[in-house]
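J.: Protein sequence lines correspond, in order, to chains A and B.
Mapping of the first sequence onto the numbering used here: position 69 corresponds to residue 69, and the numbering continues sequentially without gaps.
Quick note: to get the numbering used here, add 1000 to the position in the second sequence (first position is 1).
Hints in this document: simulated from the structure, not taken from any laboratory.
Glycine included, each C-beta is placed from N, C-alpha and C at the ideal position.
A couple of the hints might just be wrong.
Unchecked claim - Covered stretches of chain A (in silico footprint by chain B; criterion: 3 or more residues with CB under 8 Å from a CB of chain B, positions within the stretch not fixed):
#	segment
1	39-45
2	97-109
3	222-236
4	309-317
Spelled out, the chains give:
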Amino acid sequence: MNLTRLATIATSAALLAACGSDRDIAQYGSNPDLPEKQRGLLPAMKIADPAGWGDRRPVVPAGFTITPIATDLKIPRQTLVLPNGDILVTEGKGGGKAPVMRPKDLLAGYFIGKGTSSVKGGDRITLLRDANGDGVYEQRAVFAANLNAPYGIALAGNRLYVANQDALVRFDYQPGQIRASGPPVTVTALPAAINHHWTKSLAASPDGRSLYVGIGSNSNIGERGMAVEEERAMVWQVDAETGAARRFATGLRNPTALAIQPGIGQLWAVVNERDELGANLVPDYLTSVRQGAFYGWPYSYWGANPDRRVQPFKEDMVRRAVRPDYSLGSHRAPLGLSFSAPAMGDGFASGAFVGMHGSWNRETPVGYKVVFVPFRGGQPAGAPVDFVTGFQADGKTFGRPVGVTVDPRGALIVADDLSNTVWRVTPARRPTQAAAAR
Amino acid sequence: MATITHEPARRIIHPVHAILLASSLPLFLGALLSDWAYASTYQIQWLNFASWLIAGALIFAGAALLWAAIDFFRADVARDRAGALSLLVLLTTVVLAFINTLVHAKDAAASMPAGLILSVVILILALFATWLGFSTFRAGAAR
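My request is simple: use the sequences and hints to build the entire structure.
T.: Structure follows, in C-alpha cells:
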C-alpha cells in the first residue's frame, strides 16, 4: 500500500532525525531526573520485530532456572496462583474498536500492531496443574470460556473475580476445581466505551469485601476530548456484595496491574505514563495508591509538572497532583506486579517483581524484561534488579512480559503475550517440597 | 496540451489539471477555519476536521504539482519564469502542507499554535499558486 510506504519513509526520516537523542538515563527511584520535553515532527518509534524463541530461552540470574510451562496460548495476560498451586491464565485481546478520528489513528494502529502477536485473543481462562510437584504442568484445562477480553484476576475466599474489558464478573471456586461450575455472575459493569486502554486490572482487599479495579484512560493525553475520559484513568473500589463502585484514586493514566502488599494490606499499582514528550519522559511508575489521591493525568506528570497539551487547562488540578513513589523509567510499559515471598531466596525475598512489556515511543527499545524492585521497611529502596531478560536480541523480539505472579512455594510465573507462553522461574536447587505441601 | 500553436480553439489549461489545482483551495480554507475554531474553543472535533481537510488538500495539491512538473519539464514546451515561479510556489505549498499533517498528528493542543499559523501561510500560498497556475497557462496560450 502506498499509504504504508509513505508512512515507512516518514518514520525512517523521523528515526534519523531522532538519532542520538534518546540516550537512556538511570531514571528510577523516588526523585527521577526529568529532562525537557521534546517532540520532533514525528514521534520517535521503534516497533518490536517479532521472531520465534527457537532454542533461545529468557535469561535469569545465576541460581535460577526458567522453563516454559504452557505454550500456544491465546494471548496470555495475567496469572493467578491458586492455594492448591494450580495456575489460572487470562487470555484475550481487547480494544480495537476505537473509531478512527484522524489520519494518524490509521497509521499508529497499524504500526503498533506489528509488534504484537497475530493470534486471536482466547477470551478464556486456562488452568494449568502440576499434580506431582515436579515442575511440569502436565494438565491443562479451559476453566472458563466466552469471556470478553479478561485481564485482571483475583481470588477472595471461595470467589474468583475476573475483570473483563467491560465488566467485573465472578465465579464460585472450590479448591481443586478445574472448570467453572457455571457462567459468571456480573458484579458491576466497567467503563468500556472506546476502550483505548482496555486492560482492567484487579486486586482484592485482604478481607475480600472490596475489589480494586484499574481503569486506563481513553487517550494518550486527551486527544479524543475530555468527555470520553469520564470514569477513566483511575482505580475504582467495588463492594464485593453489592457491586457499588466509587472512585478510590484518580489521575492514574493506565494502572495496568494492582497488588496488595503482604502484611500491611496496602494497595500498589504500576502505571503507564504518557507518550510523545521525548525518549526519557514521562517515567512509568510503581506507587502505593492512596485513597482520594490525584496522580496528575492529564494535567501534570510526576507531581506538579504541567502538560499543557490538554486544553482547557486546569491549574488547580496541577496543584492537587501527588507524586508517585517510585519511577521505573520512561516508556518501559510495566504490565505486571507481584510482591515477593521468602521462598524466592535471600536476594529476592523482600520487594516486588514488575513485568515490562517494552517501549515503542523511543529509538532504542527499553523494558522488555522482568525486574525486581527491592523494598526496605515497606518502601521501594534502591535500583531495580534485572530478573528475566533476553526477550530481545539481534534486532528481533522473542517475547514481551505481561503479568508476573509469585508462587509462595518459590517460583515466579511470567505471562508472555508475544510468544503466547507462560514461563516459570525457580530457584535452581529447590527440593520439591511443593508436592508434600499440597 | 501545452504545445504552442496558433489555433484559436486550443485549451488554455487541461480541465483535470484545473480541477486538481483549484480543489485544494476550499479544503485548505476549511482547514484554516477548523484550526481557528479549535484554537478558540478547544473542541477536539475541529482539530479532527482540520486533519482530514489538510490530508485531502494535500492529495489534490500533490497531484496538481505532479501535473505541473511534468508540463514544465516537457521537452516540447518553452520554459519561462512565470512557469517556474508557479511550480515553485506550488511545491512550497505541498511541502508545508505535508509538514502541517505531521503537526496535526501531534496529540491534542500540542498541534497549536504552529498548526494554525501553518494553515494561514498555506492558504495564502495555495491561493497564489492557483492564481499563478491559471495565469501562466493563459499567458502561454497567447504567446
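J.: Look at each hint and say if it fits the structure.
T.: Status of the hints after comparison with the structure:
{"no.": "1", "hint": "39-45", "verdict": "holds (count 3)"}
{"no.": "2", "hint": "97-109", "verdict": "holds (count 4)"}
{"no.": "3", "hint": "222-236", "verdict": "holds (count 4)"}
{"no.": "4", "hint": "309-317", "verdict": "holds (count 4)"}
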